[in-house]
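*Asks:* According to our numbering, the residues represented by the sequence shown are 1211 to 1555, in order.
Because the hints were derived from the structure by calculation, they are not lab data. A hint or two may mislead.
Unchecked claim - Derived PhoX-like pairs (lysine-lysine); straight-line CA-CA distance at most 20 Å:
id : residue 1 : residue 2
1  : Lys1390   : Lys1448
2  : Lys1441   : Lys1451
3  : Lys1390   : Lys1242
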Amino acid sequence: MNVLRKILFPFSILYGFITSIRNFLFDKGILKSYSFDIPVIAVGNLSVGGTGKTPQIEYLIRLLSPKYKIATLSRGYKRQSEGFVLADANANAAILGDEPFQFYQKFPNIQVAVDANRKNGIEQLLSQSEKPEVILLDDAFQHRKVKAGFYILLTAYGDIYAQDFILPTGNLRESRSGAKRADVVVVTKCPPNLSEAEQLSIKNKLKLAKNQELYFSFIAYDNCIYSENSKIEISEIKEEKKLLLAGIAKPESFFSYLKNPDDVCLTYPDHHHFSENDIREIIIKAQDSIIITTEKDYVRLKGSVPNGQLFYLPIQSSFLSSPETSGDQFDKTIKNYVGASTGNS
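Using the sequences and the hints given, assemble the complete structure.
*Replies:* Dropping the structure here:
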């Protein structure tokens, strides 16, 4: 923790007090929460960014979309539109935001919507002629105006909420006690070989309630990189000089997976809007070598960088097995909730 953050500790106390009062008012029904008659799963975190919400949402889409009509609802962070927007053929990253547009491109058989007012967004989705059967709320753990039927709380390995502080001293959006609203807690971005002893140590630090389930997941990188019209196995280009580019929170693992000593690495803020100067810098520094970026950055860079030069590296969330839980158990928990909520268990 740097010196400035320590100095700002009194503001953390004030911020924590305000968010605690807000949560108390929702918990007691003084501030109204709205629930809906279909399964609504909220995925979020207590901290600011970097916990892997996007791959977790995509995991749920893959799990549920073969059987149910799925809709995702996001705020659409840094989008250039307002209000409720349902993705269609005219959609792009500027209209939807980068992550919702990524969902739309990868999963054409689902509905993708954005609205900062999640209550209004759900009502708009349910007013469509093709109503969804399950709604996935992206980054909505603190959006108390909507009461989801199921809450998935993410916390990143090496930066778990139990060892963090409220903003601005730490990175928490609310008190650690907010974790009690979660049905499931997933420790994300774990090493694939995380030992059972370390899993137990983390479990003891989180101190979950008996009714809460705990899972551990890691980021699985694809063996290939992809452009609009082609793919290349990573083994073929690992030793070649290339430009690696990331505008995401905590990009270290992305770089380490691809990097060799001759590579050029460019880092931008999360959800960065690439200006003409940024594009010019990228092309100049890349010269004739390939450019590899994240899926989220690719949807914003596509069309600005030559297609034959620009590639992205897909990722997926995968679950670790432990003595108590596994990916199969997680799938069963989600399917049981959705099935019971739809009467189709």
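*Asks:* Are there hints from earlier that the structure breaks, and if so, what are their numbers?
*Replies:* Violated: hint 1 alone.
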